[in-house]
Amino acid sequence: MSGIVIRNAVALSILLIALAILPHYLKYHHQDFLIFLVVNVLVVVSYRLVTLTGEWSLIHAVMMGVGAYASALLSKHLGLSFWISFPLAGVTAAIVAALLCFPLFRMTQFYFLIGSFAAGEAIRLSWIHFIKPFGGTSGISAIPSPELLDIDFLEPIPYFYLVLIIVTICLFLLFRIEKSRIGLTLHAVHWKAPLAESIGVNTWNYRSLAFITGSFFVGLAGALKVHYIGTVTPKQFDIGFMVFILIWVIVGGYRTFYGAILGAVVLSVLDEMFREFDELRPAIYGAILIFSILYLPAGLESLPQRLKGVFSRKSGQMEQT
Amino acid sequence: MILPSFFADSFYETILALELFLQSIVNGTIQSGFFALAAVGLVLIFGVMGVVNFAHGELVMVGAYTVWFLHAQHSTPFLITIVIAILVVTVIGILMEKFLFRPMRDDPLGGLICSIGVLFILQVLATLVGGDGPSKQVPPPFEGTMVLFEFLRIPYQRLFSIAVSVAALGLLWHFLTHTKLGWALRAVSQDREAASLQGINSNRISMIAIAVGAAMAGLAGALMAPLTNINPHMGHNVIITAFIVTIVGGVGSLSGAVIASVLYALFHTFVTTYFNGTVATISGLLIMVLVLIVRPTGIMGHRVSE
Chain B
1 MSGIVIRNAV ALSILLIALA ILPHYLKYHH QDFLIFLVVN VLVVVSYRLV
51 TLTGEWSLIH AVMMGVGAYA SALLSKHLGL SFWISFPLAG VTAAIVAALL
101 CFPLFRMTQF YFLIGSFAAG EAIRLSWIHF IKPFGGTSGI SAIPSPELLD
151 IDFLEPIPYF YLVLIIVTIC LFLLFRIEKS RIGLTLHAVH WKAPLAESIG
201 VNTWNYRSLA FITGSFFVGL AGALKVHYIG TVTPKQFDIG FMVFILIWVI
251 VGGYRTFYGA ILGAVVLSVL DEMFREFDEL RPAIYGAILI FSILYLPAGL
301 ESLPQRLKGV FSRKSGQMEQ T
Chain H
1 MILPSFFADS FYETILALEL FLQSIVNGTI QSGFFALAAV GLVLIFGVMG
51 VVNFAHGELV MVGAYTVWFL HAQHSTPFLI TIVIAILVVT VIGILMEKFL
101 FRPMRDDPLG GLICSIGVLF ILQVLATLVG GDGPSKQVPP PFEGTMVLFE
151 FLRIPYQRLF SIAVSVAALG LLWHFLTHTK LGWALRAVSQ DREAASLQGI
201 NSNRISMIAI AVGAAMAGLA GALMAPLTNI NPHMGHNVII TAFIVTIVGG
251 VGSLSGAVIA SVLYALFHTF VTTYFNGTVA TISGLLIMVL VLIVRPTGIM
301 GHRVSE
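First to last, the sequence lines map onto chains B and H. The first sequence begins at 1 in the working numbering and counts up one residue at a time. The second sequence begins at 1 in the working numbering and counts up one residue at a time.
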């Protein structure tokens, strides 16, 4: 048991060191890409926490936007420093999520999906409509970047380290949450809701808890993203981005913690490789999505096992002949 | 109608406000035809196959693009392009059912994800056909405007589209209530297994349901084409509207969807006229969330126990 822990720890530290060195060997726009990729990893992992209870929400992208707008407004108009507005972004998203729990968790399944979509779209359209604080379709620009000592966070590499550290901490917390008693209860709520209720688990509370916690972390991710870009617009968090989150999680495999990360990383890198087919990219995404749901329903993370299965079956046949 | 005169000072302004009010009723009624056509297909597909077809707005978009491509670009007669648009979209629907929804039969989420994949592909195809430029316009094939009581203005194009919508919905109603296939279709949507036990081929019924639903979407797109801006992303508004109408009407209820279409179209037109389009959509979405909370069965839906 402890051997596995040590092996995982070693693998993780190698991965982190590799990630820390990587940006120095990349071109400028690839450094940007890497920052967004790490942020998106936090997005998908926090989304997975919400889906643990079996409810697929379509509001996660908008909750990211809530965090982004909160941090942008607080730092630009109230002059708060990034180090205060950043945690407040998560808190704001969590509060909005907590308020939404009352209507949304009266529904399940299909109704929850549509209801969360509607609530999210209503929030997003409010950003467009109320120009006074939110700036309409053009959003808010000139969002101040973080300040710490003399580090220039406008440069990609320092900002990448900031994002990497924060996201690593968040991922660790999310991992601990999933492995804790609460996380196990969330699984129970998904797979055996009546049984869980019969032993005194309040499923409503746990569904809400997962939703609020997931929204908190995605709110942080939203703040991380817009403090780098410097602008926040409603378009960044539309249903298109929500669909990307869904695709990453499903293609990667939503049954395990690292499946979602794998999906986000592999598909983003593929997408980057297809950059020259600009117009075609959504169609390529669509095709990958359809193929993976038809032929690899457990996601990319099941690929090694399935390959292993195929090979062992083949060698078994060889032995028989 | 006291409400509009609230902000009118003199008699003349009251008359103007009244005219605007009546005109909005007419516009909203005409609008309801499109809403109903788009929503009815979504309801049929969800009822029979249990799949939320997220690509339904894109089916409407393909219908509109077919008309733009054949009528505006290659000057095929408008009525023929309507038929072709219906056929094209129906074929797309049948392919979706055969290759995507059927293998995903026991996994509603899988079906939904597949339809999202189709959504992306259709949007890119539309971009390839029409280019990425500004929105397309189709010159209305029926020119002229009917003037009623000297102030109500109804362009013949809109009159034509509402007439065709009503006729199509009437045909659908007749099909569902007066033909054996229609009965079979309703039986499958009520209880798939029981219907199979009666010897109904549920795969064939699913095929027919999606064909009819897609044909309605194609017709909606074709009728809409001369009256709206055509672009690859126009499906987004269509699907939001269809969701609102479906939920408010009661999921799985066709008559509910039609009634909700009329109500929502009137509501949307009024709010757009007196405030603006964004406010109309926001309040529509809020009404939908409210319906989901207060009366999840909608106007005409039935309670289903788990």
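Keep in mind that a hint or two might mislead.
To be verified - Calculated pairs, SDA-like style, for lysine to any residue (alpha carbon to alpha carbon, straight line, at most 20 Å):
#: 1; chain 1: H; residue 1: K98; chain 2: B; residue 2: L296
#: 2; chain 1: B; residue 1: K235; chain 2: H; residue 2: S135
#: 3; chain 1: H; residue 1: K98; chain 2: B; residue 2: F257
#: 4; chain 1: B; residue 1: K192; chain 2: H; residue 2: H233
#: 5; chain 1: B; residue 1: K132; chain 2: H; residue 2: G133
#: 6; chain 1: H; residue 1: K98; chain 2: B; residue 2: K235
#: 7; chain 1: H; residue 1: K98; chain 2: H; residue 2: H236
#: 8; chain 1: B; residue 1: K192; chain 2: H; residue 2: L109
#: 9; chain 1: B; residue 1: K192; chain 2: H; residue 2: N237
#: 10; chain 1: H; residue 1: K98; chain 2: B; residue 2: L294
#: 11; chain 1: B; residue 1: K235; chain 2: H; residue 2: L109
#: 12; chain 1: B; residue 1: K235; chain 2: H; residue 2: V279
#: 13; chain 1: H; residue 1: K98; chain 2: B; residue 2: F291
#: 14; chain 1: H; residue 1: K98; chain 2: B; residue 2: Y295
#: 15; chain 1: B; residue 1: K132; chain 2: H; residue 2: V279
#: 16; chain 1: B; residue 1: K235; chain 2: H; residue 2: I293
#: 17; chain 1: B; residue 1: K179; chain 2: B; residue 2: A287
#: 18; chain 1: B; residue 1: K235; chain 2: H; residue 2: I240
#: 19; chain 1: B; residue 1: K132; chain 2: H; residue 2: D132
#: 20; chain 1: B; residue 1: K235; chain 2: H; residue 2: D107
#: 21; chain 1: B; residue 1: K235; chain 2: H; residue 2: H236
#: 22; chain 1: B; residue 1: K235; chain 2: H; residue 2: P108
#: 23; chain 1: B; residue 1: K235; chain 2: H; residue 2: S202
Since the hints were made in silico from the structure, they are not lab data. Given the structure is predicted, the values throughout are model-derived calculations rather than measurements.
Consistency of the hints with the structure:
{"no.": "1", "hint": "H/K98 <-> B/L296", "verdict": "holds, 19 Å"}
{"no.": "2", "hint": "B/K235 <-> H/S135", "verdict": "holds, 18 Å"}
{"no.": "3", "hint": "H/K98 <-> B/F257", "verdict": "violated, 33 Å"}
{"no.": "4", "hint": "B/K192 <-> H/H233", "verdict": "violated, 40 Å"}
{"no.": "5", "hint": "B/K132 <-> H/G133", "verdict": "violated, 31 Å"}
{"no.": "6", "hint": "H/K98 <-> B/K235", "verdict": "violated, 34 Å"}
{"no.": "7", "hint": "H/K98 <-> H/H236", "verdict": "violated, 25 Å"}
{"no.": "8", "hint": "B/K192 <-> H/L109", "verdict": "holds, 18 Å"}
{"no.": "9", "hint": "B/K192 <-> H/N237", "verdict": "violated, 37 Å"}
{"no.": "10", "hint": "H/K98 <-> B/L294", "verdict": "holds, 13 Å"}
{"no.": "11", "hint": "B/K235 <-> H/L109", "verdict": "violated, 26 Å"}
{"no.": "12", "hint": "B/K235 <-> H/V279", "verdict": "holds, 17 Å"}
{"no.": "13", "hint": "H/K98 <-> B/F291", "verdict": "holds, 15 Å"}
{"no.": "14", "hint": "H/K98 <-> B/Y295", "verdict": "holds, 16 Å"}
{"no.": "15", "hint": "B/K132 <-> H/V279", "verdict": "holds, 15 Å"}
{"no.": "16", "hint": "B/K235 <-> H/I293", "verdict": "violated, 28 Å"}
{"no.": "17", "hint": "B/K179 <-> B/A287", "verdict": "violated, 34 Å"}
{"no.": "18", "hint": "B/K235 <-> H/I240", "verdict": "holds, 16 Å"}
{"no.": "19", "hint": "B/K132 <-> H/D132", "verdict": "violated, 32 Å"}
{"no.": "20", "hint": "B/K235 <-> H/D107", "verdict": "violated, 31 Å"}
{"no.": "21", "hint": "B/K235 <-> H/H236", "verdict": "holds, 13 Å"}
{"no.": "22", "hint": "B/K235 <-> H/P108", "verdict": "violated, 28 Å"}
{"no.": "23", "hint": "B/K235 <-> H/S202", "verdict": "violated, 41 Å"}
This entry does not satisfy hints 3, 4, 5, 6, 7, 9, 11, 16, 17, 19, 20, 22, 23, going by the numbered hints stated previously.
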